Amino acid sequence: MSSPALVRQPEDSMPATALAEAGSAPAAIIRPSTPPSFATLGLRWYRLNRAGLRAAAIGVISLLAFLLVWHLLTTYRVVFFVRFTNVPSPLAVYDSFIKAIHDPKFLMHILLSCRRIFIGFSLAAIVGVPLGLIMGRFKLVHEVIFPVAEVLRPIPAIAWVPMAIMLWPTNEQSIVYITFLGSFFPILVNTLHGMSLVDPVLVRAAQCLGARERSIFREVYFPASLPHIFTGLTVGMGVAWVSLIAAEMISGQYGIGYFTWEAYSLVQYADIALGMIAIGVLGLGSSLLIRGAGQLVMPWRST
Amino acid sequence: MSEVLANSPKGHIEVKNFSLAYETIEGAVQAVTDTQIHVRPGEFVSIVGPSGCGKSTLLNAVAGFLKPTTGVVTVDGERVNGPSAERGMVFQQYSLFPWKTVRENVEFGLKMRGMPRSQRERAARTLLGLAGLEAFEKHYPEKLSGGMKQRVGIVRALATGPKVLLLDEPFGALDAQTRVIMQQILTNMWQRLKISVLFVTHDIDEAIFLSDRVYCMTARPGSIKAEIPIPLERPRQQSMMMSSEFLALRRGLMSLIREESLKAMGGEINDLGMQGLNIELHGHSLADVI
Ligand SMILES: Nc1ncnc2c1ncn2[C@@H]1O[C@H](COP(=O)(O)OP(=O)(O)OP(=O)(O)O)[C@@H](O)[C@H]1O
Ligand SMILES: [Mg+2]
Numbered sequence: 001m002s003s004p005a006l007v008r009q010p011e012d013s014m015p016a017t018a019l020a021e022a023g024s025a026p027a028a029i030i031r032p033s034t035p036p037s038f039a040t041l042g043l044r045w046y047r048l049n050r051a052g053l054r055a056a057a058i059g060v061i062s063l064l065a066f067l068l069v070w071h072l073l074t075t076y077r078v079v080f081f082v083r084f085t086n087v088p089s090p091l092a093v094y095d096s097f098i099k100a101i102h103d104p105k106f107l108m109h110i111l112l113s114c115r116r117i118f119i120g121f122s123l124a125a126i127v128g129v130p131l132g133l134i135m136g137r138f139k140l141v142h143e144v145i146f147p148v149a150e151v152l153r154p155i156p157a158i159a160w161v162p163m164a165i166m167l168w169p170t171n172e173q174s175i176v177y178i179t180f181l182g183s184f185f186p187i188l189v190n191t192l193h194g195m196s197l198v199d200p201v202l203v204r205a206a207q208c209l210g211a212r213e214r215s216i217f218r219e220v221y222f223p224a225s226l227p228h229i230f231t232g233l234t235v236g237m238g239v240a241w242v243s244l245i246a247a248e249m250i251s252g253q254y255g256i257g258y259f260t261w262e263a264y265s266l267v268q269y270a271d272i273a274l275g276m277i278a279i280g281v282l283g284l285g286s287s288l289l290i291r292g293a294g295q296l297v298m299p300w301r302s303t
Numbered sequence: 001m002s003e004v005l006a007n008s009p010k011g012h013i014e015v016k017n018f019s020l021a022y023e024t025i026e027g028a029v030q031a032v033t034d035t036q037i038h039v040r041p042g043e044f045v046s047i048v049g050p051s052g053c054g055k056s057t058l059l060n061a062v063a064g065f066l067k068p069t070t071g072v073v074t075v076d077g078e079r080v081n082g083p084s085a086e087r088g089m090v091f092q093q094y095s096l097f098p099w100k101t102v103r104e105n106v107e108f109g110l111k112m113r114g115m116p117r118s119q120r121e122r123a124a125r126t127l128l129g130l131a132g133l134e135a136f137e138k139h140y141p142e143k144l145s146g147g148m149k150q151r152v153g154i155v156r157a158l159a160t161g162p163k164v165l166l167l168d169e170p171f172g173a174l175d176a177q178t179r180v181i182m183q184q185i186l187t188n189m190w191q192r193l194k195i196s197v198l199f200v201t202h203d204i205d206e207a208i209f210l211s212d213r214v215y216c217m218t219a220r221p222g223s224i225k226a227e228i229p230i231p232l233e234r235p236r237q238q239s240m241m242m243s244s245e246f247l248a249l250r251r252g253l254m255s256l257i258r259e260e261s262l263k264a265m266g267g268e269i270n271d272l273g274m275q276g277l278n279i280e281l282h283g284h285s286l287a288d289v290i
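First to last, the protein sequences are chains A and B. The first sequence runs 1 to 303 under the numbering used here. The second sequence runs 1 to 290 under the numbering used here.
Simulated from the structure, these hints should not be mistaken for lab results. It should be emphasised that the depicted structure is a prediction, and the values quoted were computed from it without experimental measurement. Be aware that one or more of the hints could be misleading.
One-sided and incomplete, this derived list gives chain A residues near chain B with beta-carbon spacing under 7 Å [to be verified]:
hint : residue
1    : ILE119
2    : SER122
3    : LEU123
4    : VAL201
5    : ALA205
6    : GLN207
7    : CYS208
8    : ALA211
9    : PRO223
10   : PRO227
11   : TRP300
Here are a few chain A residues that sit away from chain B, every Cβ distance over 10 Å (derived from the structure) [to be verified]:
hint : residue
12   : ALA57
13   : VAL189
14   : ARG204
15   : SER215
Here a beta-carbon is modelled for each residue, glycine too, at the ideal position from N, C-alpha and C.
Okay, chain B solo, but in the shape it has when bound (with noise of 0.2 Å):
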């Protein structure tokens, strides 16, 4: 961890005070209120929660897209006013340009910033490469695999050389093969490049793997339930899943997200009369786990 810090000191993202409401016909509804996190340099913080409980908001805040009611986004100290390449974002949809090939798509960035020609399609041959991708780069994405796209969507976004990665549930789409290379792949890009990541999930497995601290939201309007750090060691294996460690993270951070997701889900579960089901609602407190 120490060395990672040495090598970048870049991509330090602070959320302070942070609320947000959007303005619907309705009257404004508080997706956010009151959420403080931050992401050190080079570190990999996953955000899980229950269902609309405002994590992509959050997440589009950190991009840029939306602006906070209340509170301040900065990144390395300045504050976040609009989208910039300097916060890299993957999204679900894949969201490739269809219109472009593999390689176009990553070379975007580069192009957007002035690169000339010969010196970018080298860089993006070089990335696509480092993704395993080369022989697609010719391809348009339409005719890929939805691992493959989010690949692309991945080393397109990193072209640039962001400092901060942000990713929103990446991996939602992919079947559960797929997903697990594309962690590794993640995980090994995040290694070398040394930048931060942010990244949204509702898979509690998917976020303890990949993470070195994890943020649990409550249920709407969000703010930050739990803070969990993840000490598991690196370079993490699939095997370490099944150790009592990560068991025991696990069964903690679901716990926390079950009450949540029944909060979010309580009037309906009175509406229909499922009381009787007995779901367990307090199965570890995490002082028991960690």
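With the rest of the complex left out, here is chain A (with noise of 0.2 Å):
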């Protein structure tokens, strides 16, 4: 209505001050026309990342560090308090590693976690995250399934194998369940702990620029509790591995849990410590995958 006409306004009665504030900041971008050399680049870049090298050298030395440690310990196959004698080296993990990357059995055995996470991971998801939001909104929806949630989630998922086996006509579908389970109310509780922080005062904002209930839902409030929900889609994710693991341990017949399980029956040594670093790396590499996509999601928030 009125925009169009501030829109034809003259700018000659800026006051000057003002004008000059703001164009002092372009100013400073303009850089000297000659292009830096390589070498000026490289020095910049070092000097803006000395910090993170350190830090990944560091890195670097103390895990060498532990593996020589963890060599030393099972060669002289030290007792002190904990045994060793039986303890696999880091060569004798290397080798059960090779041998299992050309093996399609220990393949399966980690797909089948994988898509066993995917999909209770992804359900939690799809049903945590509209469930905080919708009872960080509406009051009579938190009362009715808040009490419930508070009597349900202080169950270990691993207490519900034998339930889930019960619930679940397969043994699968027990155990997607379990990872369900676990990674659902770390992310319901903080998608509502997000809700419950968003800042009144925004709200208000929305609602005198016009916004409605549903876009202030929208623009608002999801935006707003995003980084709680990605707080609960982290620990979501740590919580379904330890559920998983668990689950396939007890009574997965597949999986990385199983793999791990099964080494020790069979007393191969050196899956075992196999099949616990492949669950860590499988770990970190699903919170990193988490990270980055609420990097993707909160551009404000990067750096």
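Given two chains presented individually in distinct reference frames, assemble the corresponding complex, making use of the accompanying hints.
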């Protein structure tokens, strides 16, 4: 309405001070016209990333030291409260790793675990996030669901194993169900927490700009809760792996947790460590994926 | 003044027989009582008063966030029932959407109104240009200085073409230099848009420098203690703040507010045994200075 009228206003009456202040910033961006050489660019990059490089270097050294200590403890079969007599050495684990990556069965274990995580975790996110958002916005839904959630939440997912086996017709379904349960509550609780922290002034600001209930939900509550939703997803992913491995060890036939447990029964000590490392790497990978997704979805929070 | 009125028939705020009490566990807290104020179309009016006297309460009622316990708030004769894009608001805490870029923030009101993307992008760019912010349209608010954030806040509130602009201590968190620049920018935009402004501040200089009229409130429960016209000519210059006319207005307002602040803190001062400090209560009466 009146904004087009605004558009036609002349710019000459801006206060000089304001223009000077505004003008100074773009001026700072302008660089000398000769492009800098590779050497200076490299130097600049090094200066900017010095802290990161340092951390990476120290990280590599500390991992190497860990391997060395592991190697020494196992080659000398140290017994000092804990017994390293049967613990496989890093080299033995490396050998069985080389063997395993050529073994389709090992890859199948890994793929199956990943599939269970994918299905269970995705379901938890698809149910947990919207439910948390709705509970955070509508009091009645909160009042109905919250008590049930509070009673069920403290039960560890592993305690559900017998019940899950009774509930679901196949083993596969009950394992996915356990994984779902493990990640569901952290996701729900964090989403709710995010909703409760939404700054009411932002809601007011949106209202004064003509936003109605639905737009406020989409444009304010949801994006404002995203950081906590992603915290929930990260925690949920961790718990999903914990629950999955436990369920696989107890009732599975396949999967990396089953592989690790089976290695123990079959006295394949190197495979135990291999299974553990594989679980660690998978867990790390999946939480990196979530972090990456978070940075994509929340560009305003990067750097 | 008459020219402004002729160009802008809209934005007439009237608050009549207004009182507002907050319900709390300890009972009703009377924040504002028996208050009448009005802002004529195109007028710039400030509200000053001691801390906690109900300035924000009054402003939030005009915005439509709070319902008056008694009385009515009308804008151009229409009763205020809730927030609306007709009444733009600028908050002290900036309140920009952190997940939106500067331009997206400014576009928000237009988006809510259903304006197509390309059109609202163009409108937002032009508005940002007027506030000297075009270079920052793609920045997220977090990266901006306080002054820039508040400029975006003002531009965002004005983008939908509201009839009135409400500001609650908008420059309270800014340093003195930025404050002066912001005051000039605000005056500038107000004069171009010819809308009415209701401005809450605790800075007396700011109130006099910006306003056509200043309401001074009493300590809680707040009501209007005095209504002071500011006859300084426009455009106003920074140098006017040294003029005897300005200083006289300032002295008058200062003593009014000091009186109320002392009343508000009266108990405390007695408790602390500070009567001996001889704080001057009635420096000048208003009649002397105006
Ligand atoms: N939600 C509330 N519940 C109860 N009392 C409140 C509430 N909000 C404000 N008050 C009280 O009402 C009075 C007026 O508050 P208000 O925020 O309007 O004052 P103010 O003039 O804006 O103060 P300040 O200068 O500190 O911003 C204060 O004494 C405050 O304690
Ligand atoms: Mg206030």
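Evaluated hints:
1. ILE119: violated (30 Å)
2. SER122: Violated, about 24 Å.
3. LEU123: With a minimum Cβ separation of about 27 Å from chain B (threshold 7 Å), the hint on LEU123 (chain A) is violated.
4. VAL201: Holds. Min distance 5 Å.
5. ALA205: Check passed: Cβ of ALA205 (chain A) comes within 4 Å of chain B, closer than 7 Å.
6. GLN207: Since chain B brings a Cβ to about 4 Å from GLN207 (chain A), closer than 7 Å, the hint holds.
7. CYS208: OK, holds: CYS208 (chain A) within 7 Å of chain B, min 4 Å.
8. ALA211: holds (5 Å)
9. PRO223: At 4 Å from the nearest chain B Cβ, PRO223 (chain A) passes the 7 Å test, so the hint holds.
10. PRO227: violated (10 Å)
11. TRP300: holds (4 Å)
12. ALA57: At roughly 31 Å from the nearest Cβ of chain B, ALA57 (chain A) sits farther out than 10 Å, so the non-interface label holds.
13. VAL189: Per Cβ check, VAL189 (chain A) is outside 10 Å of chain B; nearest 22 Å; holds.
14. ARG204: violated (6 Å)
15. SER215: violated (6 Å)
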